[in-house]
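> Next come the chains, spelled out residue by residue.
Protein chains: 2
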Amino acid sequence: MENKNLNKHISGQFSAELEDIRNKVLAMGGLVERQLEQALDALGALDAELAQQVIDGDHRVNGMEVDIDEECTRIIAKRQPAASDLRLVIAISKTIADLERIGDACVRIAKAALEKRNNNQQPLLVSIESMGRHATRLLHSTLDSLARMDAESAIELHKEDAKLDKEYEGIIRQLMTYMMEDPRSIPGILDVLWAARAVERVGDRCKNICEYVIYYVKGRDVRHVSYEEMEKD
Amino acid sequence: MENKNLNKHISGQFSAELEDIRNKVLAMGGLVERQLEQALDALGALDAELAQQVIDGDHRVNGMEVDIDEECTRIIAKRQPAASDLRLVIAISKTIADLERIGDACVRIAKAALEKRNNNQQPLLVSIESMGRHATRLLHSTLDSLARMDAESAIELHKEDAKLDKEYEGIIRQLMTYMMEDPRSIPGILDVLWAARAVERVGDRCKNICEYVIYYVKGRDVRHVSYEEMEKD
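From first to last, the protein sequence lines stand for chains H and S.
According to my numbering, the first sequence is numbered sequentially starting from 1.
According to my numbering, the second sequence is numbered sequentially starting from 1.
Some hints here could point you the wrong way.
Identical copies go unnamed one by one, so any copy, or any two together, can satisfy a pair.
Okay, derived cross-link-like pairs now, EDC-like style, lysine to aspartate or glutamate, Cα gap no bigger than 20 Å in a straight line [said to hold, decoys possible]:
{"#": "1", "residue 1": "K232", "residue 2": "D41"}
{"#": "2", "residue 1": "K232", "residue 2": "E115"}
{"#": "3", "residue 1": "K218", "residue 2": "E115"}
{"#": "4", "residue 1": "K159", "residue 2": "D20"}
{"#": "5", "residue 1": "K159", "residue 2": "E229"}
{"#": "6", "residue 1": "K218", "residue 2": "E229"}
{"#": "7", "residue 1": "K166", "residue 2": "E71"}
{"#": "8", "residue 1": "K24", "residue 2": "D221"}
{"#": "9", "residue 1": "K166", "residue 2": "D204"}
{"#": "10", "residue 1": "K166", "residue 2": "E156"}
{"#": "11", "residue 1": "K163", "residue 2": "E200"}
{"#": "12", "residue 1": "K166", "residue 2": "D47"}
{"#": "13", "residue 1": "K166", "residue 2": "D221"}
{"#": "14", "residue 1": "K232", "residue 2": "E181"}
{"#": "15", "residue 1": "K163", "residue 2": "E70"}
{"#": "16", "residue 1": "K159", "residue 2": "D67"}
{"#": "17", "residue 1": "K232", "residue 2": "E49"}
{"#": "18", "residue 1": "K159", "residue 2": "E71"}
{"#": "19", "residue 1": "K218", "residue 2": "D67"}
{"#": "20", "residue 1": "K166", "residue 2": "E115"}
{"#": "21", "residue 1": "K166", "residue 2": "D58"}
{"#": "22", "residue 1": "K232", "residue 2": "E37"}
{"#": "23", "residue 1": "K159", "residue 2": "D221"}
Note that these hints are calculated values from the structure, not bench results.
On a predicted model such as this, the values are computed, not experimentally measured, just so you know.
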């Protein structure tokens, strides 16, 4: 099997195809990263134009998902990859699903910005900005780890999500007290709450992508596995 | 290719393997369906024991996902499936990811039940019960459509999610007015709000699974495609 694999690589074409989907998934990651930054900027500044830009840009993210997924299926059918080549294709096909969902989270954040803007509400976003920066950094590092297929950093990043969850809980608590103090503020605060939730979900998606990197490098499925077990390997 | 495919099937073993993952994904679906029913019952009756049972049962859902996923990878590597066989394996490997996330939604609903129970809160769930029943029916029909690989019913069910979304919006509105009337109720209502959101997400997952059924039967990726286009085919 390994030998057959090697022959395929020698043919050059197969290697080029694998390289191509790798590049494409990184390009998709870059696009999603920009979407997240812009969505958070739009929410911070209540910038309706930028928010609309993020919403309009989502179809490109979706299109990339469908494209790359088709290419993965074609490679499996035509090249019949084995071992690490197959793991690469599988890791990529799973990664793009999570990237697409991060794209959806960006749309949700942008819609919260539009909603708040349209209702002429006061910004109330100090706390979400820091959480947003944290999520952006996490996504950036996750994509780095994916680009280098670096399992060590993926394991480290995997733990970061718990910190983001803590920040998120703090924000929910804060927002709850605001709502209780001034019930008229509730609809506006719920918009922020949905945005905060969307940011928190970005962390979950990054965690998933880290698991695919580990799966590719170590050949082991670490979903639902504890850190102790993960580091033992 | 088709011929080679046929030979594999004649060998019998390959067919048995495909049948096996089909049965397993349906068994996983059945388990998730029970989890959803019990989570909603636990929330309706504020039954802590039942809620805990749902939370404890989630590791079985997770375990099934990992098992079936491994088997899909093994089939791809060993059998090098083509055409509709490959589409079946891909559809199944995507379906289990959505089923696993419906399982997570069940845990979230069960946790809301526990939270409300522990705080001795009054139930306030009339509206979520009907939405919950709707989601349960949708999941049941989706699994039926998957069992029969019936693209027609999958297209019909795909539209159901929009109705669930409408119900969800109505509930959020209702909960918002309760919160504004009595700010002390806010923490308790947020629990219900998270539960309602989790139920709404079940609909999104069912929609995804319907798309995989259509992909398997029609050989076409219908994600991000409008109904008009979908029905034209």
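> Each hint should be assessed against the structure and marked as holding or not.
Hint check:
When the C-alpha separation of K232 and D41 is checked against a cutoff of 20 Å, the pair qualifies neither within a copy, at 40 Å, nor between copies, at 40 Å. In this assembly of identical chains, K232 and E115 lie within 20 Å of each other by CA distance neither inside one copy nor across copies; the values are 48 Å within and 35 Å between. Within a single copy, K218 and E115 get their C-alpha atoms no closer than 45 Å, and across copies no closer than 39 Å, so neither meets the 20 Å cut-off. Taking the shortest Cα distances, K159 and D20 never come within 20 Å of each other, neither inside one copy (30 Å) nor across copies (36 Å).
Taking CA atoms no more than 20 Å apart as the test, K159 paired with E229 passes inside one copy only; the shortest distance there is 14 Å, against 43 Å between copies. In this assembly of identical chains, the alpha carbons of K218 and E229 lie at most 20 Å apart only when taken from the same copy (13 Å versus 42 Å across copies). Taking the closest pair of Cα atoms, K166 and E71 never come within 20 Å of each other, the shortest separation being 38 Å inside a single copy and 36 Å across copies. In this homomeric assembly, K24 and D221 come within 20 Å of each other (Cα to Cα) only across copies, at 19 Å, whereas the closest approach inside a single copy is 24 Å.
In this homomeric assembly, K166 and D204 come within 20 Å of each other (Cα to Cα) only inside a single copy, at 13 Å, whereas the closest approach across copies is 26 Å. Only within a single protomer do K166 and E156 lie at most 20 Å apart by alpha-carbon distance; the minimum there is 17 Å, versus 41 Å between protomers. For the identical chains of this complex, K163 and E200 are intra-copy neighbours only, at 10 Å inside a copy versus 27 Å across copies, given an alpha-carbon limit of 20 Å. Taking the shortest alpha-carbon separations for K166 and D47, neither the intra-copy value of 28 Å nor the inter-copy value of 28 Å comes in at or below 20 Å.
Proximity of K166 and D221 under a CA criterion of 20 Å is satisfied in neither setting, with 26 Å inside one chain copy and 38 Å between copies. For the homomeric pair K232 and E181, neither the shortest alpha-carbon distance inside one copy (49 Å) nor that between copies (53 Å) is at most 20 Å. Taking the closest pair of Cα atoms, K163 and E70 never come within 20 Å of each other, the shortest separation being 35 Å inside a single copy and 30 Å across copies. Taking the shortest Cα distances, K159 and D67 never come within 20 Å of each other, neither inside one copy (31 Å) nor across copies (24 Å).
Proximity of K232 and E49 under a CA criterion of 20 Å is satisfied in neither setting, with 49 Å inside one chain copy and 35 Å between copies. Within a single copy, K159 and E71 get their C-alpha atoms no closer than 32 Å, and across copies no closer than 28 Å, so neither meets the 20 Å cut-off. In the homo-oligomer, the alpha carbons of K218 and D67 lie at most 20 Å apart only across protomers (17 Å), although the nearest pairing inside one protomer, at 27 Å, exceeds that limit. Taking the shortest Cα distances, K166 and E115 sit within 20 Å of each other only across copies (18 Å), while inside one copy they are farther apart (26 Å).
In this assembly of identical chains, the alpha carbons of K166 and D58 never lie at most 20 Å apart, being 28 Å within a copy and 23 Å across copies at closest. For the identical chains of this complex, K232 and E37 are neighbours neither inside a copy (36 Å) nor across copies (38 Å), given an alpha-carbon limit of 20 Å. Taking identical chains as interchangeable, the C-alpha atoms of K159 and D221 lie at most 20 Å apart only when both belong to the same chain, with a minimum of 17 Å there against 34 Å between chains.
Hints 1, 2, 3, 4, 7, 12, 13, 14, 15, 16, 17, 18, 21, 22 from the list above are not met by this structure, while the remaining hints are.
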